[in-house]
Structures are given as C-alpha cells and as structure tokens.
Amino acid sequence: MEYTQNKVFYHIHQILPNARPWRKGETYFFGDAKNYFIRFYDNAYYNDEVPLEAILKDYLLFARETIFEEVRQKHFPQMPSRQRCIWLIPDSTNAEERLKYWIKQKSANKETFQILKLSCSGKMHLANQKHLDLVVGKFDIYRANAFRYWSGCDVTDNSVDVECTFEGFINVLDVIPFPHE
399 MEYTQNKVFY HIHQILPNAR PWRKGETYFF GDAKNYFIRF YDNAYYNDEV PLEAILKDYL
459 LFARETIFEE VRQKHFPQMP SRQRCIWLIP DSTNAEERLK YWIKQKSANK ETFQILKLSC
519 SGKMHLANQK HLDLVVGKFD IYRANAFRYW SGCDVTDNSV DVECTFEGFI NVLDVIPFPH
579 E
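Residue numbers (my numbering): 399 to 579.
Please note: incorrect hints may appear among the correct ones.
[Claimed, not checked] Cβ pair distances, simulated, as ranges: (1) 450 <-> 539: 21 to 27 Å; (2) 443 <-> 572: 34 to 40 Å; (3) 545 <-> 417: 32 to 38 Å; (4) 415 <-> 545: 18 to 24 Å; (5) 535 <-> 472: 29 to 35 Å.
[To be verified] Here are the simulated BS3-like pairs of lysine-lysine, each with C-alpha atoms no more than 30 Å apart in a straight line: (6) 536 <-> 405; (7) 405 <-> 498; (8) 528 <-> 455; (9) 472 <-> 432; (10) 455 <-> 498; (11) 521 <-> 432; (12) 498 <-> 515.
The set of hints was computed from the structure by calculation and includes no laboratory data.
None of the values given here were measured: they were computed from a predicted structure.
Think of the CB as a built atom: it goes at the ideal place given N, C-alpha and C, for glycine as much as any other residue.
Work out the full structure, taking the sequences as your base and the hints as a guide.
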C-alpha cells in the first residue's frame, strides 16, 4: 500500500442509467460507502430470461469479492477495500497501453463510459488482476489468490493488466470521450 498526494491517474467511468456523467472540476471521495460494483449485489434480481451462466458468474463474482474482503480485513486491514474503492490506471510510461487494455475489458459490456483524468490523494494498492480469475467449486483457491493479490505479488511496472484500488479524494482534471465504434 502506498499513500499518494495529488498524483495523476485515469479511470474508466461507467455512466449509469439515470446518472449524469462526471464533469471537469468535480471532487469525489471513495472509501466510506459501497461502490457500484458491490452495491449491485444488494438488489440483484434475476428473471427467467437471464441465462443460468450469467447468474452463476454473478454468484462466483460475489463469492470471490466476499472472500477477498474477508482476507483483506483479517490480514491486510490497511489496504483499500475492493468493496469501497475506485479502480484507477496509473499515469505511467505505458498509460495509453493500460487504457487500451482496460477499455477492451470494459467495452465487452457495450455500456457507456467516459475516460477521466484525475488528481488523487489517498491510499492505493497495485495488484495483478490475474489473481481475480473465477473458479468453480474451489473457494480455498480464492483465499490463496486473495493473499497473493493483497501481497502485491506479480506486479511489474510495465504490466498492462495491473489494477489500482484507491480510497481517498479524487478531482476530475479532464473528461476524455469514450471511443465508440
């Protein structure tokens, strides 16, 4: 974990239905309340039209996030919680590559996004997202992966699939339109 003051990061922000996009100059705080990713599970509802595979994936994601939070609270309580954080992309020499990688991951959902350039002050943790792979029926693997994730194993400066969890203040420096096809 690292503390940062007024450091530049990028964020791929999902524009939710009935919510307005973020604007340049706005300031937000992350760390007190559940983020959108985890709040989804508070009200998840599945009708008969939702494929069983999609429901199973959501349950696996919820199990993974619950186990990761359990490991964080017990062994790494100083780390930013994945349930209350915002995910950021460091402004580094390969920031453009990282943005392309994460845009590709996000654009599979065909939702509306904005790319935000942010100034951030707070605590952050860099981890390799490969430890987040979903597995069926082996929850002990999630615990082992959570320990590796929170330990910062396999994080390299030039890796594009590094994710940054962050809790603290963010100020929107610029809004970059999300490239649509």
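To see whether the hints hold, each was checked on the structure:
1. 450 <-> 539: 21 to 27 Å: holds (22 Å)
2. 443 <-> 572: 34 to 40 Å: The hinted range 34 to 40 Å holds for residue 443 and residue 572, with Cβ atoms some 37 Å apart.
3. 545 <-> 417: 32 to 38 Å: holds (35 Å)
4. 415 <-> 545: 18 to 24 Å: violated (37 Å)
5. 535 <-> 472: 29 to 35 Å: Hint violated: Cβ distance 23 Å, outside 29 to 35 Å.
6. 536 <-> 405: violated (38 Å)
7. 405 <-> 498: holds (21 Å)
8. 528 <-> 455: Satisfied, since the Cα-Cα distance of roughly 17 Å is no more than 30 Å.
9. 472 <-> 432: It holds: about 19 Å lies between the C-alpha atoms, which stays within 30 Å.
10. 455 <-> 498: Given that 30 Å is the threshold and the Cα spacing comes to 24 Å, the pair holds.
11. 521 <-> 432: At roughly 17 Å apart (the allowed maximum being 30 Å), residue 432 and residue 521 satisfy the hint.
12. 498 <-> 515: holds (14 Å)
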